[in-house]
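Colleague: Sequence:
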Amino acid sequence: AVKVLDCIHKWQQKLFPEYGLHFVHASDEWYILAEEELPEEERYDGYLQLENGVGMLRLLLNEFEEAMQNLPPEYVLPEGGRELSLVTGKLAYPYIQNMAERMMRRFAGLTLHVYAITNEFFGERITVSGLLTGQDIIKQLKGKALGECVLLPQNVLRSGEDYFLDDITVGEMEKALQVKADIVKSSGHEFVNTILGLDRE
26 AVKVLDCIHK WQQKLFPEYG LHFVHASDEW YILAEEELPE EERYDGYLQL ENGVGMLRLL
86 LNEFEEAMQN LPPEYVLPEG GRELSLVTGK LAYPYIQNMA ERMMRRFAGL TLHVYAITNE
146 FFGERITVSG LLTGQDIIKQ LKGKALGECV LLPQNVLRSG EDYFLDDITV GEMEKALQVK
206 ADIVKSSGHE FVNTILGLDR E
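With our numbering applied, the sequence shown covers 26 to 226.
Some hints here could point you the wrong way.
Said to hold, decoys possible - Derived SDA-like pairs: lysine to any residue, alpha-carbon spacing no greater than 25 angstroms straight-line: (1) Lys-39 with Leu-63; (2) Lys-167 with Thr-136; (3) Lys-167 with Glu-197; (4) Lys-39 with Gln-74; (5) Lys-115 with Arg-83; (6) Lys-115 with Ala-206; (7) Lys-200 with His-214; (8) Lys-115 with Lys-205; (9) Lys-164 with Val-195; (10) Lys-164 with Asp-207; (11) Lys-35 with Pro-64; (12) Lys-35 with Leu-84; (13) Lys-205 with Thr-194; (14) Lys-205 with Gln-179; (15) Lys-164 with Pro-119; (16) Lys-35 with Gln-74; (17) Lys-169 with Gln-122; (18) Lys-35 with Gln-122; (19) Lys-167 with Gly-148; (20) Lys-210 with Met-93.
As the list claims (entries may be wrong) - Here are the simulated distance ranges between beta carbons: (21) Val-101 with Gly-45: 19 to 29 angstroms; (22) Glu-108 with Glu-62: 27 to 37 angstroms; (23) Gln-122 with Glu-66: 14 to 24 angstroms; (24) Glu-65 with Ala-201: 33 to 43 angstroms; (25) Pro-103 with Ala-26: 37 to 47 angstroms; (26) Lys-28 with Glu-99: 43 to 53 angstroms.
Since the hints were derived computationally from the structure, they do not count as laboratory data.
The C-beta atom is built at its ideal place from N, Cα and C for all residues, glycine as well.
Can you make the complete structure from the sequences, with help from the hints?
Modeller: What follows is the structure in structure tokens.
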């Protein structure tokens with residue numbers, strides 16, 4: 026992974042002065058595998074390859090920072106607080122966990138459980154949330170502390186549907202786990218707003 030990034034960065038340094046674009050980019054996985062910091066937003070050329078996982082984490086983190094800064098300073102959780110669980114793949118888990126911890130430190134009464142689901146259906150080397158299945162989520166969340174709701178990233182479902190890749194529906198998952206599920210867009214703003222019960226995007 027380090028060698029791949031070295032090669033990509035050399036091409037970026039060569040191409041950007043000539044074309045004003047970095048042109049070639051590494052997906053988020055390469056930076057995580059190499060244990061390197063994600064590039065700053067400017068390096069993604071306006072997120073031209075976002076749908077291919079290029080810059081998704083950087084955009085999520087930047088939006089999260091913006092959402093946290095824009096919260097009313099006087100905002101407090103409703104009496105009784107909130108307890109929620111968040112589902113993610115192993116790849117994004119450290120980032121989602123860090124975001125959750127920051128929110129819990131800021132808001133008294135907020136409890137967030139972040140669960141990294143192992144992809145047994147397609148194989149454990151598949152670590153992105155977009156390829157998780159309903160059966161793996163159900164199996165690995167059974168018996169866990171889930172709180173009032175399970176938050177699922179939108180990309181775990183087929184586009185425009187409420188089915189997971191293995192044809193299990195969100196309703197079937199809710200019934201199996203006896204807890205409500207909510208779908209969260211890949212947006213740092215919606216991440217914050219959903220957890221705090223604020224207006225959604």
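Colleague: Tell me, in ascending order, the numbers of any earlier hints that this structure violates.
Modeller: Of the numbered hints, 7, 18 and 21 do not hold.
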